[in-house]
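Use these hints to put chain P onto chain V, whose structure you have.
Chains as they are written, first to last, in the numbering used here: chain V, 1 to 340; chain P, 1001 to 1289.
Just so you know, the hints here were simulated from the structure itself, not pulled from any lab data.
Do not take every clue at face value.
Here are some chain P residues the structure puts well away from chain V; computed CB gaps all over 12 Å [stated by the list, open to error]:
| # | residue |
| --- | --- |
| 1 | C1046 |
| 2 | G1068 |
| 3 | L1225 |
| 4 | I1255 |
| 5 | T1263 |
Looking from chain P toward chain V, a few residues come up when the C-beta cut is under 10 Å (computed) [unchecked claim]:
| # | residue |
| --- | --- |
| 6 | M1187 |
| 7 | A1188 |
| 8 | S1192 |
| 9 | L1194 |
| 10 | R1202 |
| 11 | H1203 |
| 12 | L1210 |
| 13 | G1282 |
| 14 | D1285 |
| 15 | T1287 |
We put the beta carbon where it would ideally sit given N, CA and C, even for glycine.
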Amino acid sequence: MTAPLTVPVLEAIDLNVDIPMPHARLHAVRGISLSVGGGEAVGLVGESGSGKSLTLRALLGLLPRPARIASGTILIDGQDVTGLPAHRLRHLLTDTMSMVFQDSLTALNPVMRVGDQIAEGPRRKLGRSKSAAHAVAVELMTKVGIPDPERRYEHYPHELSGGMRQRICIAIALSTQPRLILADEPTTALDVTIQARVLDVLGRLRQEEHVGLLLVSHDLAVVGQTCSRLYVMYAGKVVESGDLVDLVTGPRHPYTFSLLRSVPDPDRRIDRLLSIPGQPPDLSTAVVGCSFAPRCPFVVDACREREPELLVMRDRTSACIRVDTADRWTEMVAAEGVTL
Amino acid sequence: MTAMALDPLEPAEQTSAVARSGRGKWNATLVSGLVLFGLIVLAAVCAPLLTSYDPTAQNLSQAFLPPGAPGHLFGTDSFGRDVLARLLYGGRTDLEVGVFAVVSPFVIGSVVGLVAGWFGGWLDTVIGRIVDIVIAFPFLVLVIALVFAMGPGTTSIYTAITLVGWVAYCRIVRGQVLVAKEQEYAMAARASGLPTWRILLRHLLPNVILQAFVYSMSDIVLTLLAIVTLGFLGLGVPPPNPDWGTMIQDGQQFILTKWYLTTIPGIAVVLVGIALALIADGIVDRTNR
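So here's chain V without its partners, still in its complex pose (with noise of 0.2 Å):
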């Protein structure tokens, strides 16, 4: 599946995200552009500090004192939300999307049951009366597979377990009927086993409810299991976008390329874990040239003179300027016998 012609339901054009600090002010997002349709599972990947999360929460209005969006467009169904007054933007955002967090235990209210967390949504934004909320919330319970959901209802979070909690916070995503679901890391707390179901129930959710996903992870796997479509992020830019299938079989962006080398392949015997060598820039500094060039296998001197744009390419992207020999690049580290 590509992006639908349509147009999306959430769109960021340009977006900058700064965290002023004493003595510096830390660029943490560079200038990302993004866009989510109607039911579609969009992930976006990179490692820590690469700052997904902080774009995602620029995109709900939810950035942390002191960090704020430092210029960019957010455009919801089109129309562009960043001049509108404090309280409108809020009530427009929440309107559209919903968020699901990494942690279950501290993002759930710990001395509220969970039901009526469930049941506030309906019940003060959406005006239900008591026992149409309560209804909704039973039924929200039963729809992310929570067995027992009248009893399980009258709980408090601390008595259920991790991956029912993550559950009860999907159920609260959902019970504002939100088009679009922003997920940060909402399976890095839990087990793998647990973190398969809970990828389950939003999957199967995207496609009964046609709500559409907009899914953060640091895991390749997750995002693999769940979407359709990638941006990959690296030093708060997007490096490269496109569809799953084709991006995760033919890489487009160095970056992205030694990720997926990263991965171990269980049918392959090796001696050692592939890493990629270095750190990644400090975002309190500018970055001359392409921020990956120190890390860079493929790297060039015109690498690190100018910084480079985002390459479009029919429906993918990509930030490399070498992105023409893309198709060789396994050979080339093969015979140079560069160990990534």
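Then chain P, alone, in the frame of chain V:
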């Protein structure tokens, strides 16, 4: 539903019944605190049933009877008034004033602290300055000055303690709100577009009020002591109404010979303090998380 089949019970759930039983149960600390405080309140409420003496009736021929004297379990004071009767009736005054004088600063301080912590900005700065100004004065000095200005009596005591006491609750709640509002559940509540008042009352307040509540337990004792001090200075509960502070003050002149006149009401104050501290600890244990 299909969801049932989709989801076999997760192993971690088996423990939830145990976890459930741990919370909401009575614990020994809480029970002993409640029992002790209950007994004290009961004794004060049932004063007319427990003693036939009028706490203000003087009988100079019966003055300074030691504890255990026939008809006077705790003896009599310098005016021949029954110490037990004064203790019981005094408890009525002190507990009533102590508890009620804590309720309004608790409510006002918590609300102001909640608002200051959540909204921050200039509002927080202004409230913070006011709190600093009030705290800059010693508690008692300010209370005494205010009661003196308004004239003695319980209304003045309530007003003065409220005006001075709210700052402690404001500080506690504000600090807790600053922590809580960065928690994801607060962010999640904002993300679901709930009205602000709803987030504050339903999500923040229940999570931040515990500290303030625990403080209020010891604050009742502090308030009792303040009332005692006011009584000592002639600004307290007007005589001849008995209260523990006045009893301690009266007995003080005879402390070397008639030690029990100060010790008995003193023990009563201490017991109330212990009971409230146990209740506070028990509540913390119970809601431990």
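Each hint, compared with the structure:
{"no.": "1", "hint": "C1046", "in the structure": "holds (36 Å)"}
{"no.": "2", "hint": "G1068", "in the structure": "holds (51 Å)"}
{"no.": "3", "hint": "L1225", "in the structure": "holds (32 Å)"}
{"no.": "4", "hint": "I1255", "in the structure": "holds (49 Å)"}
{"no.": "5", "hint": "T1263", "in the structure": "holds (43 Å)"}
{"no.": "6", "hint": "M1187", "in the structure": "holds (6 Å)"}
{"no.": "7", "hint": "A1188", "in the structure": "holds (5 Å)"}
{"no.": "8", "hint": "S1192", "in the structure": "holds (5 Å)"}
{"no.": "9", "hint": "L1194", "in the structure": "holds (5 Å)"}
{"no.": "10", "hint": "R1202", "in the structure": "holds (7 Å)"}
{"no.": "11", "hint": "H1203", "in the structure": "holds (5 Å)"}
{"no.": "12", "hint": "L1210", "in the structure": "holds (9 Å)"}
{"no.": "13", "hint": "G1282", "in the structure": "violated (17 Å)"}
{"no.": "14", "hint": "D1285", "in the structure": "violated (15 Å)"}
{"no.": "15", "hint": "T1287", "in the structure": "holds (8 Å)"}
When the structure is compared with the earlier hints, violations turn up for hints 13, 14 and for no others.
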